[in-house]
Amino acid sequence: MMRMLFILMLLHIGAASAGPVETYEFASPEQEQLYLKLSDTLRCLVCQNQSIAESNADLATDLRKEIYNMLQQGMDEDEIVAFMVERYGDFVLYKPPMKPMTWLLWFGPAIILIAGFVFVMRIVRKQDTDEEPALSEAEQQRLKELQSEARSTMHSSDREEQD
Amino acid sequence: MTAQIHSKTLLQRFTPLIIFVLLVIVLAIGLTLNPREVPSPLVGKPVPVFELPLLNTPGKLTHEDLKGSVTLLNVFASWCYACRQEHEAITQLSRNGFRVIGFNYKDQTEDAVAWLRQFGNPYQIIAQDLDGRVGIDWGVYGAPETFLIDSNGIIRHKTIGPLSDPEKMEALMDAYKALQEQSL
Numbered sequence: 003m004m005r006m007l008f009i010l011m012l013l014h015i016g017a018a019s020a021g022p023v024e025t026y027e028f029a030s031p032e033q034e035q036l037y038l039k040l041s042d043t044l045r046c047l048v049c050q051n052q053s054i055a056e057s058n059a060d061l062a063t064d065l066r067k068e069i070y071n072m073l074q075q076g077m078d079e080d081e082i083v084a085f086m087v088e089r090y091g092d093f094v095l096y097k098p099p100m101k102p103m104t105w106l107l108w109f110g111p112a113i114i115l116i117a118g119f120v121f122v123m124r125i126v127r128k129q130d131t132d133e134e135p136a137l138s139e140a141e142q143q144r145l146k147e148l149q150s151e152a153r154s155t156m157h158s159s160d161r162e163e164q165d
Numbered sequence: 053m054t055a056q057i058h059s060k061t062l063l064q065r066f067t068p069l070i071i072f073v074l075l076v077i078v079l080a081i082g083l084t085l086n087p088r089e090v091p092s093p094l095v096g097k098p099v100p101v102f103e104l105p106l107l108n109t110p111g112k113l114t115h116e117d118l119k120g121s122v123t124l125l126n127v128f129a130s131w132c133y134a135c136r137q138e139h140e141a142i143t144q145l146s147r148n149g150f151r152v153i154g155f156n157y158k159d160q161t162e163d164a165v166a167w168l169r170q171f172g173n174p175y176q177i178i179a180q181d182l183d184g185r186v187g188i189d190w191g192v193y194g195a196p197e198t199f200l201i202d203s204n205g206i207i208r209h210k211t212i213g214p215l216s217d218p219e220k221m222e223a224l225m226d227a228y229k230a231l232q233e234q235s236l
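Top to bottom, those sequences are chains U and A.
Position in the first sequence (from 1) plus 2 gives the number in the numbering used here.
Position in the second sequence (from 1) plus 52 gives the number in the numbering used here.
Calculated directly from the structure, the hints in this document are not laboratory data.
A portion of the hints provided could be inaccurate.
As a list, the in silico BS3-like pairs of lysine-lysine whose alpha-carbon atoms are at most 27 Å apart [to be verified]: (1) 97/U with 119/A; (2) 101/U with 112/A; (3) 67/U with 112/A; (4) 229/A with 97/A.
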């Protein structure tokens with residue numbers, strides 16, 4: 003019984019990953035390529051992490067049909083993408099368009115990288131200068147005092163008390 | 053070394069904390085957003101040109117019929133569970149004098165009729181989009197969805213998901229009334 007269930011589950015996984023298939027006839031191999039490309043680069047709005055090509059959702063089926071029909075009417079890639087964006091917004095594009103609203107999205111990672119680089123450089127430079135720490139006169143004076151103090155205690159060999 | 057630590061200003065010391073707090077705020081806002089609510093690019097544009105038959109009645113509904121008065125166009129289907137949830141809210145709107153037009157999306161005629169008979173029909177007219185083709189032009193990607201259309205036939209707002217949420221309902225009613233006052 004368990005084995006049967008397991009096999010059924012496996013079969014189901016296989017069916018899901020294969021994705022939905024409709025048979026459309028295309029006028030040319032180029033058209034078919036464009037169909038596959040478009041349905042693979044447009045996002046399905048129902049199950050948001052799948053493309054229209056991958057999704058089993060009803061809407062995805064409708065949109066595949068729509069893409070097919072538009073290709074039959076001789077519309078090109080840009081026109082079909084524009085059709086989708088007009089209705090569903092930039093969200094349907096896996097690759098968001100470059101515009102002021104998406105600048106942060108496009109350049110954000112580079113900005114963070116540069117900021118991180120600058121930050122690291124500053125720390126490294128600081129450490130370089132730290133090798134010869136410049137002490138103020140008062141500090142120099144204090145250093146000498148401490149040194150001579152240490153020396154005198156060493157000479158008196160009274161280390162027990164010091165500890 | 054100590055001299056340098058002391059020379060740091062308060063701001064410098066707290067910079068990492070400030071960056072962390074900002075990041076937490078940004079991510080917290082991101083977490084509370086509902087990814088299902090994709091803003092419609094149709095807001096601010098005229099309703100798409102269309103012509104649909106009416107459900108179980110002779111006649112048709114076109115984009116022209118949506119002009120002249122403020123309208124709520126409610127996308128629903130008998131197969132949609134959330135539509136049943138918001139049915140009460142839609143009924144309230146209709147009773148309170150709001151003009152509510154139904155958009156029966158990808159449904160079977162018998163199922164839709166039976167659904168309305170069971171729960172009641174809150175709609176003035178119901179357009180029937182059997183294959184969902186007109187729904188694509190409206191950018192419909194699920195039901196329920198509700199469009200607020202002004203008297204010039206311009207889409208002013210789109211609510212995604214059931215109106216049973218009192219906040220959404222309130223906002224929609226206020227927007228409707230504001231549009232109505234404008235058109236007077």
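query = Which earlier hints turn out false for this structure, listed by number in ascending order?
reply = Result: hints 1 and 2 break, sorted rising.
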